[in-house]
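> Could you use the hints to bring the two separately framed chains together as a complex?
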Amino acid sequence: MKFDTPATTNPIDQLKVIGHATSRIDGPLKTTGRATYAYEWHDRPASPAYGYIVGAAIAKGRIASMDLSRARSAPGIIAIVTAENAGKLGKGNYNTAKLLGGPDIDHYHQAVAVVVAETFEQARAAAQLVKVDYAAAKGSFDLSAGRDGAAKPPGRGDDQPDTTVGDFPGAFASSPVQLDATYTTPDQAHAMMEPHASMAAWEGDKLTLWTSNQMIAWTTGDVAKTLGLPKENVRLISPFIGGGFGGKLFLRADAVLAALGARAANRPVKVAMQRPLMFNNTTHRPATIQRIRIGAGRDGKITAIGHESWSGNLPEGRPETAVQQTRLLYAGENRMTALRLAMLDLPEGNAMRAPGEAPGMMALEIAMDEMAERLGLDPIEFRARNDTQVDPEHPNRPFSQRQLVECMRIGAERFGWNKRNAEPGKQRDGRWLIGMGVAAAFRNNLLMKSGARVRLDRGGTVTVETDMTDIGTGSYTIIAQTAAEMMGVPLEKVVVRLGDSSFPVSAGSGGQFGANNSTSGVYAACVKLREAVAQKLGFNSAEIAFTDGQVTAGNRSVPLGQAASDGELAAEDSIEYGDLAKTHQQSTFGAHFVELGVDVATAEIRVRRMLAVCAAGRILNPTTARSQVIGAMTMGVGAALMEELAVDKRSGFFVNHDLAGYEVPVHADIPHQDTIFLDETDPMSSPMKAKGIGELGLCGVAAALANAVYNATGIRVREYPITLDKLLHRMPDA
Amino acid sequence: MKSFTYEKVSSPAAAASAVVSNSNAKFIAGGTNLLDLMKLEIETPSHLIDVNGLGFDKIEPTSDGGLRIGALVRNTALAADARIRRDYGLLSRALLAGASGQLRNKATTAGNLLQRTRCPYFYDTNQPCNKRNPGSGCAAIGGVTRQHAVIGASDACIATHPSDMAIAMRALDATVQTARPDGSIRDIPIADLHRLPGDTPHIETTLTSGELITSVTLPKPVGGTHIYRKVRDRASYAFALVSVGAIVQRDGTGRVAVGGIAHKPWRVEAAEAEMPHGAKAVAAHLLEGASPTKENAFKLSLVERTLGAVLTEAKG
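Protein sequences appear in the order of chains A and B. The working numbering puts the first residue of the first sequence at 1, with every later residue one more than the last. The working numbering puts the first residue of the second sequence at 1001, with every later residue one more than the last.
No false leads were mixed into what you were given.
Which bits of chain B does chain A cover? Going by a derived footprint, with three or more residues having C-beta under 8 Å, they are: (1) 1116-1122; (2) 1140-1151; (3) 1298-1311.
Here are the simulated EDC-like pairs of lysine to aspartate or glutamate, each with C-alpha atoms no more than 20 Å apart in a straight line: (4) K1039(B) with E118(A); (5) K1315(B) with D733(A); (6) K649(A) with E1295(B); (7) K1315(B) with D429(A); (8) K131(A) with E1043(B); (9) K1294(B) with D725(A); (10) K726(A) with E1295(B); (11) K1039(B) with E121(A); (12) K1294(B) with E719(A); (13) K1002(B) with E118(A); (14) K1039(B) with D658(A); (15) K1002(B) with D67(A); (16) K131(A) with E1041(B); (17) K1280(B) with D733(A); (18) K1280(B) with D725(A); (19) K1220(B) with D1064(B); (20) K1002(B) with E121(A).
If you anchor each label on the Cβ, the simulated ranges turn out as follows: (21) S1003(B) with G90(A): 35 to 43 Å; (22) L1035(B) with H729(A): 37 to 45 Å; (23) L1035(B) with G27(A): 29 to 37 Å; (24) Y1006(B) with K30(A): 31 to 39 Å; (25) A1281(B) with G297(A): 47 to 55 Å; (26) L229(A) with N1133(B): 41 to 49 Å; (27) T1208(B) with A136(A): 39 to 47 Å; (28) L1196(B) with Q160(A): 53 to 61 Å; (29) N1133(B) with G204(A): 41 to 49 Å.
I should point out that these hints are in silico values taken from the structure, not numbers from a laboratory. Ideal placement from N, C-alpha and C gives every residue a C-beta, glycine not left out.
So that you can see chain B by itself, here it is in the shape it has in the complex (with noise of 0.2 Å):
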């Protein structure tokens, strides 16, 4: 871990002003990931900015009918909030599914979606990663690669996006709400806050240079029976290889996201006309172009038994 300065900040305006006095800082709130990455010198800011202080903690209510979630409400309090295990039921379960009890009592839900790829080489500061080093190259490729994407994934990478969480935000579509240094705030929808490996692995999000999530927000609900199935090597505190978030309604329409197969959220929301049709046509569609490895081209046919899984528990 390298030194590096720290401050409490209590205002956004003051969170601000360190980002941008500090070309290297970054923003802590959890810390859950952040610290590992530091501690193996994967990250290495030279100054962290605490917003644990910035009162980003509640969730609201919005005026048309949705709820607003503070950046910094922790995961486990996300997960256990009444009117989120009521009406958005998947959101509640796909916390759940993440991690462990005692990083969801820390984990924010702004950190959870900024959090970074599990993938072993990007690791292994050994390892060329042209995330971690950009233009080193990418020792995933050719590697061991059984958890790796198997769509929209690029020469350059092939990592993916760990987050629960934002399997069940972007089925919901969720907005991010952020503030800039220069005072403008602005919404990004889900579907654009994660970006696609392509030659730039390492941006990994549409955010800008000191842009802070403040809140995200959940439109109306939208009904139906949420389930959020995370498939794993082991029961409890591992990495999805698939997951499906699904929302269905009585009629056989809905939503779908799928987790462990790319480097962001993977909803195409054109194979959702399928929905009625069953797994296999909505699968076809949502891993159209697909490019698996030898060793994860499993995860394809597991999306589409999960799913045609999640659309009979559905019919229940």
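Bound conformation, chain A alone (with noise of 0.2 Å):
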């Protein structure tokens, strides 16, 4: 199905089943302990060995020798694979580094090797005494000392590192009131719970891997492409995935490496990554250096705004694109980007959850309530002068939707923005030194083509097949609903089957583009089993209606599974997109309030109420929207208030390697939260006419928190994230 003209009126419309509250019909599987996640699929492959993952000690140089006689001695040992005996291996297509390292190592922490046993037990064991000899080589690992020697780096279609309208200088200098600041954000990880794990078995050169992956189709490809096969011999299976925050975008080691352990074993291998590998090992967010300029007028209006960022990343690696929300987010007749990219010997900086706004929107937003500040404006009085409803690089080009305003205004009222005290450091409670801060949240909304197949059968059931995954976020539960809204059944009359590359290909998960693409592809395989439905049962009436397991035209009444009585009907599908995403701006909005208290002592940041406001299209199921939204809060908190991944620059790895050291919030610092969806239909997006939104409920929440500490003390921290250290030395006597 092509949708290139904007949606009308569409059975998902009759919203019975599409817009209400609903539990994840996956959650008695994973209460209970029966979703199969990748390292749980207890009954096969049968008799699996296990491997365990060798990381480089080093993140820059050569293997100069290994010794594996003592490991091969140890009991349980099946094999041991390295780049030396692995065969000829080629590189995906979404990896930047090797994903088994050696000779040369890219990074620390890089496979070596992989331990395969009888045991867990063993396997683990066994690599202790794997002797890797190194001849390490200087590396780069300083984003702030690589900043100068950055490059521009190549673009991609439209998506160019630089943008300039306009004279951006001659406004900025003529401004009457300016902001020049610098903000940085440090590397992130993804600290997801699940650890990325496969099972590998091997059918002569046909490969199956359990896995944990939220793009089956590039995965599927890497695979082919890294092990030299034919993609059709390439079966991957991930029905259930412990997160992934864009962590499990790619193949990685462990796929690789389980497949690599298991030919050479010639048995089944399972491989979990180990937690202390996994900062190193696989890709994160990588750190920004962000410069920022505004100008602006005495009457609030901008006239002048850039946004430099620079990231670093190893060679052929992609910079992190933080000022992509600065070319859309507000009006501004001269306006610049620029993107820098150092390279860096450090591991694989890759896509985390909202990749380029996440970060960007922790510094822009600061920045737009510093401005307010000087100009002394309401932070969302100056947002809501700089509003604007065509992308402000291309005026031609309005926003399919666009209701900041309206999510601050609501946010403001619902959370009784007007008790703030302007002036910085004035609210105190007991210890608390109390501010709130507000931020705008903002994320592109990307439309992918993505597929599914639908089967009906004479009882009645349908059956969703489709690549998508659902990791954590409840795309189990809205493709139900969809295929229940199209098909006129209840949700219990729908069997949803994901994550297989068997089935057709999905948008997949990330970049928030999930759920709407993935439903709209059930929406169009969804359609033409109607239409087969129809055809079967002999109704050609233009006015059939699909409701209560009965299909209807005029006074004809059938049951929707007798159209199966001689076999099961089945229909596929893709949702394709014409140029509505070029014609129209399509981004979701929204407001993030929050209020928190810092211990006038310690400078200990504690939150005490957060809000978001969103308007993200149609919100498909209110219920995973929220969760999506309150998970992506709490993310929001971690960025602000303690994830770092520390750099050691001498040696070039991030030492605190597992979730000790990486800390992440726990419940006690997540407090009351609170979200509001706006009623909104986006006609331009796709049939649904719904958005992302799991990721909007991050972007602007880390600014918001920021603002908010400068609310409470008067002081303004620009690097995250925002630790006690940061303020003490400023804080007022206690």
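Have a look at this one:
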């Protein structure tokens, strides 16, 4: 189905199932431990062996020699795979660094061997006996040192590193009110609960991988490319994923090493990446240095806005696109953005939840707060004065929907923003300095082709099959709701099967594009199935209703299952998009509000309450959407207050590489969270009229906290995370 | 993890004989720290002697009005004990500030005292560490040091002791009772149990080979207001950047021990004379000779400010 004109009324608009708060249909499987996560297929494959990964002990250099003799004679040992004996390996389209290193080492904890043994414990013990001598080379590990030498990265299509509109330097220089400030965000880890894990089994030259992956088609292709197999010989199965946040978008070492280990061992092998390896072996969100310049007239109208961002990556890596939102979020006739990329020998930087906007909004939305203060304006009023209903770089492109100001105003009222004292450091509650902060939320809505197959059996059960994934987001549930709505059956009559490369290719999970695109693909397949049903049952009226398990036209009503009485009916289709995303800018908007306390003696920051107001198209399921947003808000608290991969700039690795050292919020850090979804449908986005929501909930949260810390203390911290040591020396006497 | 043998002992004599016959043996009780370290092969005992059956799991009054806490009393039980909560509130509060409910259910009194540092370089076996591999050097010095010691450290090691409970024990003047393999027993004042790193950071306590902690005795209650204030980057389940354990009497005198800043619970009795004069005076004395890194120099003012807040709270 080609979607190239705005959506009109369609069966989804009935909203009998879609739009209703619905608990996860996969919830009971998860709460009873029966959900088959990658490492937990206990019945298959039969009698697997266990692989344990050896990570490189240096960040850059070469393996001088490897001594496997002691490991080879360890109890239970079956095989040891290294680059030397693995055979020729390709590199996938989505990997920057090789997934099995050696002899060259590209980053710390890059896998250099997988040790396969009868038991996990034996593999772990033998892995310690692998002796590797390295010849370390000097590397670059410090972004601030590499900033001056950073280069302009190549563009990709419409995605260019630099943009300019008007005369930014001139307009900025002549602005009566100016801000020129630099902000930094640190390297961050996805730190999801379930580590990267895979089980591999070969039948001849056919490989099955039970894995944990967000993008089945990308990764199937990269497995094939890496192992030199035809793509059709690779089967990926990933029905349940214990969190990903972008860390499982790509093929990673666990899957490659499970496959190589299984080939060498001549039996199935399972590999879970050890937690202490995850932080350096896998990808992370790269650190940024961001310079923001805003010039405005005394009327509070922005006349010049400039945003430059520096990040680092391995050779062939991409920059963190932290200026993305600044191209779209606020008006202003004179504009510039620029991305620069430094070569660093740290582990591979790549997508983490809301790449681009998440760190970009961390900086931009502090800058807006600072600018509002310089103008003597309330930060909400300042944003309202600079609202734009068109893409400010291309004014002929309107936003498909944009309710940023509405989100801010509604949020202000609900949160009690008028109780905020604009003068910082004036609100006190016992030992706590109290502050409120606000930030805009913004994240683009991405359209991706997505397919599905829908089958109907004689009992009237509808089965949906798509390689879409559910990374804890609720995909199973919203897909079931979509099929139920389209086919006129209750939710219980829908079976959803996901995450299998033998199913039609979907958009996958990433970039908050999963919900809208995957359900639209299911919509398309259901439209075809409805046609097939109508034909089968001999309906030729245009006005056919699919309701309550019946197909009805005029006076005639037939049970849906009857269409399959002499054999299952199946239909497959994809949603494909025309140029509505070119003619219209599709983005999601919101507002984040935070109240927090700062301990007057210790400068410890504790959040008191949070509110997110979101305008993100149709909300398919308020329950799962809310879970997405409050989870994202929690991640935003982490980004604001504690998350930082601490770089050892001498040896080039992230030092705090476990969950004790890399702190993320615990329950005690997260207070009352509230969410409001504006009633919105976006006919430009898809037949579902929905957009992404999961990443919108993150973008802007950290800045709202930073602004609240400023409001509480009068101390402006521009280097994340905002830990107490950055406040302490400027705190008032307790 | 290296393969090891395991035995469960049911008498101190059996424990002693087991430890004497295995030069590379370790006692295990809760195992909340030891097992993690064994998985990483930071600890590589060839033999584990499970002492959970020794019956050191009671909290009993002593003849001079104190309490004897069995070495195997779990942190949860100790924190919840009515006598501890009434007379040694500092200890209960310190315990509850540490770890998680699950860990406290397993962790024992003696094990808590003997837990090892959480220095990330100690945990990364690719890195040199004098504590893990004597003579190999210290990767933390010159590295990421925000959490590390600011006082009492050496050129060989800047690690901290991570225990909250030990800070309270130190302020309460606890005494550690031990049994040695030869059957002799001794009392070690808590102040003398933990060592500064010096040139031998791998030797963390004054316990001798095979010496087993059997109990920890608290002297008669000293009254006063008991406050344990743990400062950290998140609200729970994090090690202290700085913690202050204080007992403050009505006249402003008292005791203070500080965590998160040294290789052992940090208490300077002479500094306590300054308590009536306020936190600044105490901190100046307490932190005399401190040599922080650029990354952790904030801990000096944090100690002073936290202590100030504690003294204010005590006046409450």
